[in-house]
Amino acid sequence: MPAETTLERDDAQVSGLDALELAPRREKGNLGRRVWRSAWPKLLAIALVLLVWQSVVWAEWKPIYVLPSPATVFTDLGNVITTGDFWGGVRVTMTRAFTGFLLAVVIGTVIGALVSQFAPLRAAIGSLITGLQTMPSIMWFPLAILLFQLSESAILFVVVLGAAPSVANGLISGIDYVPRTWLRAGQVMGMRGIAKYRHLILPASLPSFISGLKQGWAFSWRSLMAGELLVIVPGALSIGVRMQQARDLSDSSLVICYIIVVLIIGILIDVLFNKADNSLRKRWGLLS
Amino acid sequence: MSLLDQKTESVVRLEGVSKSYGDLLALDRVSLTVRQGEFVCLLGASGCGKSTLLSLVAGLDAITGGTLDIGGRKVSLMFQEAALFPWLSVRGNVELPLKLQGVSRAERRRRAEELLDIVRLAGFADKRPHELSGGMRQRVALARALAQDADILLMDEPFGALDAMTRDILHDELERIWREQHLTVLFVTHNVHEAVRLGDRVILLSSRPGRVIEDYAITHERPRRIDSPEVSGQAAEITDRLRSEVARHAR
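Just so you know, the protein sequences line up as chains A and B, in that order. Residues in the first sequence are numbered consecutively from 1, following our numbering. Residues in the second sequence are numbered consecutively from 1, following our numbering.
Since the hints were made in silico from the structure, they are not lab data. Only a predicted model underlies this, so the values are computations on that prediction, with no experimental measurement involved. For glycine and all other residues, C-beta sits at the position ideal for the given N, C-alpha and C. A couple of the hints might just be wrong.
[Said to hold, decoys possible] Far from chain A, by Cβ distances over 12 Å, these chain B residues were calculated:
id: 1; residue: 25
id: 2; residue: 71
id: 3; residue: 191
id: 4; residue: 207
id: 5; residue: 240
[As the list claims (entries may be wrong)] With a straight-line cut-off of 27 Å between C-alpha atoms, the simulated DSSO-like cross-links for lysine-lysine are:
id: 6; chain 1: B; residue 1: 127; chain 2: A; residue 2: 196
id: 7; chain 1: A; residue 1: 275; chain 2: B; residue 2: 74
id: 8; chain 1: A; residue 1: 214; chain 2: A; residue 2: 196
All chains should be modelled from the sequences, with the hints used to inform the complete structure.
What follows is the structure, given as structure tokens:
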């Protein structure tokens, strides 16, 4: 064989093209400006809602004791959230929410994994899971109360029924839609059985699983609120119970306070899920 | 060269291999051998079953007839898409086959560095696949394939989705790595110039069903240039043969 001539690429040619093909880094801008850019539309929206609300109050569409002004409600809200009693109620409600949600995650994950693994099981209950998902959870309460009386178990039962199908479906579709080329790549690398699940199927289905969790949380939170209004467990002064009490006393302002509290908790949890979702998407390159 | 060839052992041997999917005959009594250290290109128009052939050699699919013998050797396979896993860094992707083989953490790390160095991506170990260009991703995929420490590297149109300049560079890189690492390569393509540029042999397949219709020995001196007169001349000859084969299917 003749001596190697210098047709070889030198390092500079290869890395030069690499450098050209990579996008130049962009500056993110300073923190203050970024916070402001994402905050002002939200602040504006809140201001608009308050303005409409105040206008309706000024127009005296309803008597002031039925529809109080924003100022009254926020004063009441300020008073309520500074009591330890209120935080006790939040604790009762959040404990139920997390217990129910975690239970739903465990049950949903197990069912999802089984259904995606065994074809006959999928044929049997695949569509049932989707059916359960569309069922309004409030429908379950009469049965839950008959089964468990007015107890924590009744609430938990409905919360789990509300959330588990979403979690299961998230996992099932995640596993179903693992791209074929990844499966082939895994097969060529000799992935079988548990290794295949650990190194390929589970990480690949994570984005879909997380959206399942997010949806499951939304369902469990809704079911829980319905449950707390319907199933009043003696001694447990949850947010729902307090809201019912405020209604019994015809205290509209307090009812609105609790609506705001429930809304804020919902938003905060949603923000957490979105954070997890976004950081995953960023790492995968699904977000720019 | 040819004297040496006859002495080296064959690592892939197909004798009268057929593959059908239901009524559809994809491959019809294909016989070919790939010897140790050889770079063999499989060339054909659409429907010649060249990708099917690779799947069979890779053991991803079962043959319908004939014998396929790779002597229990290990194969790795590269696709047109890099098929890297987005949840792992570049390093993680290259280390994965090592991890599956039970290589220790320190050894994995060392070996991955070495492989990334071979494909000239040493500085990109901690990047995510999506941060790299298409050509760089294919080089990571090559490093991952090399990490499997296979005896035979199967490549299924690995540069098909790349621009001409990047492809050109990757041809040179692949040729260098093939020579330095003493690889045996079975490379599928529909690009005649690419086949002549890279192969020791170019095996031309007919379409529907796939049959071996010609086995060209490419003896031009390496390293070659895709635009050299020798490569172009031989490519023209093969292209003519391929065209007449394709014309057979006109109605």
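Subject >> Hint check, failures only >> reply: Number 7 - this is the single hint that the structure violates.
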